[in-house]
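As they're listed, the protein sequences go chains A and B. Using my numbering, the letters of the first sequence correspond one by one to residues 1 to 175. Using my numbering, the letters of the second sequence correspond one by one to residues 176 to 655.
To be clear, the hints were calculated from the coordinates, so they are not data collected in a lab. Heads up, a few of these hints could be off.
[Stated by the list, open to error] Facing chain B, according to a computed beta carbon distance under 10 Å, are these residues of chain A, among others: (1) 69; (2) 74; (3) 129; (4) 132; (5) 134; (6) 143; (7) 144; (8) 164.
[Said to hold, decoys possible] Distance ranges between label pairs, derived from CB positions: (9) 142/A - 454/B: 45 to 55 Å; (10) 179/B - 99/A: 44 to 54 Å; (11) 539/B - 142/A: 27 to 37 Å.
[Stated by the list, open to error] Which bits of chain B does chain A cover? Going by a derived footprint, with three or more residues having C-beta under 8 Å, they are: (12) 238 to 251; (13) 451 to 461.
Given the structure is predicted, the values throughout are model-derived calculations rather than measurements. Backbone N, C-alpha and C define an ideal beta-carbon position, used for all residues, glycine too.
This is what each chain is made of:
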Amino acid sequence: MEVFLFYIAGFVSLTATMLVITRMNASHALIYLIISLLAIAVIFYLLGAPFAAALEIVIYAGAIMVLFLFVVMMLNLGRSSVDQEQHWFLPRMWVMPGILTTILLLEMIYLLVAPTSSAGISSSGTAVSPKEVGITLFGPYLITVELASILLLASLVGTYHLGRRYLRARREEIA
Amino acid sequence: MSTAEYLALAPLLTISGGLTIMLLVIAFFRSHRVAHVSALVTLAATVLSILTCTPDSPQVVLDLLVVDGFAGYFMLLFAAMGIITCTLAYRYLEGRSGGLEEFYILVVTATIGAMTMAMAQHYATLLLGLEILSISLYTMIAYPQETHAPLEAATKYLILSGVASTTMLFGIALIFMASGDLYFSSLMADASGPYHTLGQLMLLTGLAFKLSLVPFHMWTPDVYQGAPAPVTGYIATVSKGALFALLLRFALVSDVLSVSAVFVALSTIAIASMIIGNVLALMQQNLKRLLAYSSIAHMGYMMIALLAISALTDTATAVESAMVYLLGYFLMTATAFGVISIQSNAKENGDAELISHYSGLFWRNPLLASVLTVTMLSLAGMPLTVGFIAKFYLFAAGVESNLWALLWALVIGSAISVYYYIKVIFTMTLNEQPDSYAHPETTWSTRSTLYALGLAVLVLGFYPTPVIELIGQLLSGFSD
């Protein structure tokens, strides 16, 4: 049964991703991207990685995508864009995302209530708990954690430098 | 972690510690000179720690990194190149308003990434090192000017290098699917099938993209042209060198070249790079673009050393030739871009990048013109320069392993290349003065760095013994 669920989630993820790259409207594309990420979270859960599934939702679908959506919405200011935005969220726009998320919701409900699949493991493999992930990260993979922090530092410094220049140029433009 | 592991990791710990101190210094005291000096001190301390702490026999650190003479040699080159870049960038950036200090942080983080790649033996460290290097480079390319060229170059590099990383990551995922392991060494262990080969080819495609080998070279001239000259020098040396070191270790440890599809693909790429790189360089009027195409060709030459690994029973010969070639390439490229940086200034109308900017340089600044002449001759592989010694080693490795098609491409490519290198020298002897270009003030530190580099290109050309001995010594503990 879990294998079956895996294929459904995979299908949802592929469909949503195809819709992302064919949309003409950035907001619509982002909604499908969120669905794709949710489907991937379900796949992670089925493969026995509940922690990765939670991170996928919290970080990708939650934080990053909402940030994207806000930026897209804030870039279009003015009267005409308000009219435009009213056309974006017509009821028929919600049909497809609704269907896809409902499939994922049904899968999740099944996984939660079905007694045999309480650990969320597919036909092979073992479930990895958050504690084990933490122990591995700060044990044998300590060096990758430190390197990842240097990676973030480099991107932070870079973003700060480029962003500051942009802001200065904007201030001069306004003044 | 044991004491031996900490000791082996000393270079990485030193440079990271130095980075932390630099951040604190810059946070409390913003001064271009102080940031510059602290970066130099950090990198010099790293060089010292590499020289003193590199273990005699390979030391594995937490299963993810391996520190040996091979890694030590490349780390030494990267840290030294970091010092050269900081020295050149100081004069180049000086006088620009605001926000100069972060540049040195980025040079140090990029060097950390390159050093990690030299030590990596696991895909996780490979990818992290590569991304640290690339992310630092994006900002370094876009760093100084308010003009469009650097931003355009950085955007192109960001997108194309992102695509390359994704391809590589997908390849790694396919390899993991087939072999169930992320260590280089277990690549060929009880795994085969189409996905496995496809994964290897995708991984190597990503690496070839970053090395700018021929079907994947389109980004190189644009990025080289748009980036500020000291940064271009850094990309051409450290970024390429780190990838090549990684590829060399990957080929040695994983035995990937025994897959015939991979061997044929890499040979084709190498031959195409040598021929097409040199042919495209012929008509360039821009020195930076010319050097970009010439670096594509040089990467093609270097692939001979890599491919020789598979054919030789004694892999040390191939590795030695690669190490000698990379040293020569580092010296020549650093000198060439050093001359461009010393003639340019971030304040004024872009870099001195057209070949015509250098007309009459022999009469204006004979010493600088001599340095550039020696470099160009060395890039062409003339005897009595380091370029000749490097090519000689490469040729020897190729002959020993019977890679005749590649050697023919090397000979033809070198013959073509003489034309455009000589053209640069010829332009410098012309009498006319450049109409627009006033070359800016130089400082003694940049001048002396450049003269030292030019002298090294010349001296190692007829007395390479110390370097050859050093490499032999470093490789003695190199097991494979």
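Here is what the structure says about each hint:
1. 69: With a closest approach of 22 Å, the residue 69/A hint is violated.
2. 74: violated (22 Å)
3. 129: Violated, because the Cβ-Cβ distance from residue 129/A to chain B comes to roughly 21 Å (cut-off 10 Å).
4. 132: violated (17 Å)
5. 134: Not OK, violated: residue 134/A not within 10 Å of chain B, min 16 Å.
6. 143: It holds, given that the least Cβ distance between residue 143/A and chain B is near 5 Å, below 10 Å.
7. 144: Holds: closest Cβ of chain B sits about 5 Å from residue 144/A, inside 10 Å.
8. 164: This hint holds: residue 164/A lies near chain B, its Cβ roughly 6 Å from the closest one there, short of 10 Å.
9. 142/A - 454/B: 45 to 55 Å: holds (49 Å)
10. 179/B - 99/A: 44 to 54 Å: Distance hint for residue 179/B, residue 99/A is violated at roughly 59 Å.
11. 539/B - 142/A: 27 to 37 Å: Since the Cβ atoms of residue 539/B and residue 142/A sit about 55 Å apart, the hinted range of 27 to 37 Å is violated.
12. 238 to 251: holds (count 3)
13. 451 to 461: violated (count 0)
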